[in-house]
Amino acid sequence: MRDASPVPLIALAGNPNAGKTTLFNALTGLGQKVANYPGVTVERKEGSWTIGGQHSRLIDLPGLYSLDATSIDEQIASDVLRGEVSGLPKPDAVIAVVDATNLERNLYLVTQLFEFNVPVVVALTMIDVFEKQHHEINIGKLSDSLGVPVVAVNASADRGVDELADVVAKTLTAIQTPRRFLNGDGENARIFARYNFISNALQESVVHNDQAAHGISEKIDRILTHKFFGLIILVAILLVVFQTIFTWATVPMDLLELGFGALGDAVRSGLPPGVLTDLIVDGIIAGVGGVLVFLPQILLLFLFISILEDTGYMARAAFLLDRLMSRVGLHGKAFLPLMSSFACAIPGIMATRTIENQRDRFATIMIAPFMSCSARLPVYTLMIGAFFAGQKVLGFISIGAVLMLAMYALGIVVALIVAFILKRTILKSPPPPFIMELPPYRMPNLRTVVQNMLTRAWLFLKRAGTVILAISIILWALMYFPREAQLDQNFRKVSESEPATNVTESQHLRNSYAGKLGHAIEPVIQPLGFDWKIGVALIASFAAREVLVSTLSIIYNVGKDENEESPTLIAAIREAKNDQGETVWTPLTALTLMVFFVLAIQCMSTVAVVRRETNSWVWTLFMVSYMTGLAYFAAFVTYQGGRWLGFS
Amino acid sequence: MRLPDVEIGTSADVVTVHGEGSVPKRLMEMGLVPGVKIRVVKSAPFGDPIEIRLRGYSLALRISEAEAIEVAV
Chain B
1 MRDASPVPLI ALAGNPNAGK TTLFNALTGL GQKVANYPGV TVERKEGSWT
51 IGGQHSRLID LPGLYSLDAT SIDEQIASDV LRGEVSGLPK PDAVIAVVDA
101 TNLERNLYLV TQLFEFNVPV VVALTMIDVF EKQHHEINIG KLSDSLGVPV
151 VAVNASADRG VDELADVVAK TLTAIQTPRR FLNGDGENAR IFARYNFISN
201 ALQESVVHND QAAHGISEKI DRILTHKFFG LIILVAILLV VFQTIFTWAT
251 VPMDLLELGF GALGDAVRSG LPPGVLTDLI VDGIIAGVGG VLVFLPQILL
301 LFLFISILED TGYMARAAFL LDRLMSRVGL HGKAFLPLMS SFACAIPGIM
351 ATRTIENQRD RFATIMIAPF MSCSARLPVY TLMIGAFFAG QKVLGFISIG
401 AVLMLAMYAL GIVVALIVAF ILKRTILKSP PPPFIMELPP YRMPNLRTVV
451 QNMLTRAWLF LKRAGTVILA ISIILWALMY FPREAQLDQN FRKVSESEPA
501 TNVTESQHLR NSYAGKLGHA IEPVIQPLGF DWKIGVALIA SFAAREVLVS
551 TLSIIYNVGK DENEESPTLI AAIREAKNDQ GETVWTPLTA LTLMVFFVLA
601 IQCMSTVAVV RRETNSWVWT LFMVSYMTGL AYFAAFVTYQ GGRWLGFS
Chain L
1 MRLPDVEIGT SADVVTVHGE GSVPKRLMEM GLVPGVKIRV VKSAPFGDPI
51 EIRLRGYSLA LRISEAEAIE VAV
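Those sequence lines, one after another, are chains B and L. By the working numbering, the letter at position 204 of the first sequence is numbered 204, and the numbering carries on one by one without gaps. By the working numbering, the letter at position 25 of the second sequence is numbered 25, and the numbering carries on one by one without gaps.
Since the hints were derived computationally from the structure, they do not count as laboratory data. It is possible that some hints are incorrect.
Stretch by stretch, here's where chain L covers chain B in the computed footprint (C-beta under 8 Å, at least three residues) [said to hold, decoys possible]:
| no. | segment |
| --- | --- |
| 1 | 57-68 |
| 2 | 95-104 |
| 3 | 191-202 |
| 4 | 224-233 |
| 5 | 319-326 |
Each residue gets a CB set at the ideal place from its N, CA and C atoms; glycine is no exception.
Using the sequences and the hints, build the whole thing.
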């Protein structure tokens with residue numbers, strides 16, 4: 001059976017934090033393929049590795065403490081080792097990555113690997129740290145007592161990598177008899193027997209010179225997980241991270257926006273006018289460009305997440321916050337994805353992969369878009385600028401700032417309530433156990449950090465990109481068709497003589513399917529104080545929230561390129577009349593629209609990422625409908641409640 | 001006595017892990033088997049979870065999970 005595949009398959013297994021990713025990157029370089037295992041969202045990383053002059057496939061298993069199939073990761077890993085994953089033969093050898101500074105627990109997984117009838121080679125990492133701690137290890141003796149080859153490697157310095165390749169190449173031809181640790185009966189007895197075997201093996205090969213080893217991490221932790229300062233430092237770190245994301249990302253984001261604008265103009269001038277050109281420029285380039293603009297934020301956020309994870313701080317953050325998060329039934333690890341979602345829900349949702357239990361992960365995904373992301377800011381700014389600018393409460397607090405804060409608070413409160421309800425109903429599960437290693441602090445490995453960041457970005461582009469492209473085209477078509485020849489000709493004439501006029505563009509939008517849809521939903525949104533024009537803007541802004549601003553500009557004929565602070569747009573909104581000649585916008589309408597935008601999903605990229613991360617259209621549609629329903633309900637209560645209280 | 005009753009900064013030996021199911025099993029797999037020496041390092045800001053040290057590494061767990069661990073000081 002081994003010979004079924006001419007290219008040998010080698011699996012890489014190890015505990016989380018054992019240096020597995022660093023080793024995998026060192027062995028395979030840049031030629032990695034990342035995909036998901038069929039039907040689940042466990043990542044499958046594969047690369048090519050040359051051993052003994054021949055090419056082999058190296059597959060990186062998820063980080064594991066055990067192979068007893070209590071989590072999806074463990075289930076997948078043991079399926080791979082048994083050769084039960086479709087499209088993957090049984091591995092010809094397995095490399096067990098073992099952290100020398102944490103031998104006993106790391107070797108537990110190795111004792112389980114012995115049972116799979118696959119040759120095992122132990123790659124011993126962190127040996128430099130181990131020796132700095134004045135411990136001694138006899139690798140030959142360790143190899144003898146374990147009964148498998150042991151190779152010391154330092155992947156970041158490329159040490160031991162060649163030797164590992166040689167040993168693995170030799171092992172490919174070896175036959176290993178499975179060993180089982182069946183002293184006594186029952187699960188517990190077996191775990192006990194495995195640890196006994198490890199203790200005996202280490203007694204002969206390792207000399208410990210006391211526990212002073214972990215001193216540094218424990219000293220750092222005296223401050224970083226301090227009951228009081230720990231929390232303050234956590235908040236400070238997060239503030240710095242988000243501040244940096246906002247400030248650093250603006251420059252590349254603006255450049256991307258300019259670039260796509262220029263690309264659109266170049267394409268338009270290079271192609272003959274017509275439907276196809278409009279599709280390419282207004283549908284594809286504008287739609288996809290509008291989403292790619294988020295890429296800098298995603299890259300930066302994942303840069304910081306990788307650094308926080310690699311240093312070991314992330315586990316501390318979960319430790320500090322687990323008590324708060326578990327109140328609503330979430331895991332401490334849910335905190336970071338939710339915080340990230342204030343920048344953008346897309347990386348936030350992608351960051352939920354660190355949560356092991358699927359129900360907890362889904363609950364976190366379902367509430368992440370309630371965090372007010374940066375795309376909501378233009379909407380808030382426009383509404384506040386138009387109706388609440390310069391007003392103060394108590395003489396000195398600006399209403400604008402209070403409203404802004406209230407919108408953020410509304411999102412958080414609703415998210416916590418929804419999480420609480422979900423965890424007690426459709427995602428019912430006991431509070432997730434919190435049995436988590438606090439790994440020693442380490443300097444982050446540059447290669448791992450960068451690779452991690454690029455992998456995420458690529459996943460976003462590849463998977464979300466296709467869905468986003470499709471939705472962009474649909475939305476464009478809704479706003480473009482039907483195209484009446486008469487109107488089109490007028491438009492051409494107008495645009496030739498006086499390009500700044502958008503009268504016909506706005507007329508087009510009225511007559512388009514989107515305009516008709518706006519009219520069709522008018523009875524539904526009337527109780528929120530919205531007319532059909534706002535309806536059109538709501539439909540268009542499903543592409544991305546900030547599209548609301550440009551759509552309103554088109555509808556009110558003030559030019560597509562107006563931004564949320566533009567006085568022309570603000571004046572147009574204030575003066576807008578509905579078909580009965582009544583004023584459309586009041587401060588209450590503005591507030592209602594803001595509330596709607598806090599809670600409505602209104603972001604096709606998020607929808608695409610949720611589809612990808614949950615691997616389920618049912619969950620995706622559930623999210624779209626419950627968020628829209630909730631947004632409608634809250635907007636209804638705001639508007640009707642406001643009227644009842646006498647506001648207009 | 002149970003693990004949550006051990007004072008912070010003190011060491012103890014694990015006697016047994018009570019209960020059945022995935023949580024007690026995971027605790028044992030993480031090395032909390034009879035006879036192993038542990039030390040309670042600290043508790044998180046709101047008193048829960050706690051950090052213990054065993055087999056040369058640090059493990060965080062909730063009080064509710066630590067209840068399953070019988071220890072002798």
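Comparing the hints with the structure gives:
| no. | hint | in the structure |
| --- | --- | --- |
| 1 | 57-68 | holds (count 3) |
| 2 | 95-104 | holds (count 4) |
| 3 | 191-202 | holds (count 3) |
| 4 | 224-233 | holds (count 5) |
| 5 | 319-326 | holds (count 6) |
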